[in-house]
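Numbering (my numbering), first residue to last: 1151 to 1420.
Heads up, a few of these hints could be off.
Stated by the list, open to error - Across the chosen pairs, the derived CB separations fall in these ranges:
id, residue 1, residue 2, range
1, Arg1405, Glu1204, 42 to 52 angstroms
2, Ser1387, Ser1248, 42 to 52 angstroms
3, Phe1278, Leu1372, 31 to 41 angstroms
4, His1364, Leu1229, 39 to 49 angstroms
5, Asp1310, Glu1204, 36 to 46 angstroms
6, Glu1206, Ser1392, 52 to 62 angstroms
Since the hints were derived computationally from the structure, they do not count as laboratory data.
Bear in mind the structure is a predicted one, so any value in this text is a computation, not a measurement.
All residues carry an ideal CB built from backbone N, CA and C; glycine is no exception.
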Amino acid sequence: MTFPSSSGPHDGGSAKTVIFIAGAEGSGTTLLQRLLSAPPRCASLGPMHSKLPEREQAAALATAFERSNAELWDQQTSLDRHEAARRELFSTTQDILSSDAFSTTTHLVLKRSFPFGHPHGRRSPDLFDVLDLPGDVRIVSVYRDPCAATYSAYRRGFDDDLRRLARSCADSLVRLAAQTSVVDPSRLIQVSYARLCRQPALVLGELGKFCGLHDAELQDALATERLIPEADMRYASELSPSEVGWLQTYFSPERRRQWLALTGQDQTSR
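The whole structure should be built from the sequences, with the hints applied where relevant.
Below you can see the structure in the form of structure tokens.
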């Protein structure tokens, strides 16, 4: 099934930018969602962080988007229901971009981690579905050290077994790397979570240029966040020595080379 390409004009939404944030769970997708949706003319549909216009219609549209999005990326959805969900997601996004409730919104910020939802691992995004959405679609892909990302998911209770979460992280990074490798570079930016924590002002400046957001407004958002430069090493002090050793062995240099494209060569680059 073919939908209109987001590279061309769209009725009721051609002037608006849709920013989709993607990354393995525990990689900082929600942090980026908060930062990029902070400017006054930005809106975020959630699910972890919502920032909506104070209009009743806005909440209803956000709920409809969440419902069709979750259905679309449910790996157990039937073919017929999957295609119906794609149509619903496109239509709902178009309604949002053209609605009076979002009339002052210039940027719509969306995010999903790879995977998301419950039971754990049942839903996983597809960037090609995102690229088919109306509006000027931009993808922000964030990469975090997989040991740190796995521990973040473990600490937050996404699963109670470290090995299952590490496998999930590895599989998600393979999927994300494969998809981002073929996305038009003008519509994609790769972000290093470690670099974001070390040089937040610089990285946000680069993101602002890519997404068409005012740098001063993004920099103001930093005041509400507590970024820790050494955050990626938290797992090494909070897990047992045997768990740390297992994680570091599992995420070996050889395995990590599969995801080199996601690291941005330790730079935020297009």
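Hint by hint, which ones does the structure fall short of?
-> As far as the earlier hints go, not one is violated by this structure.
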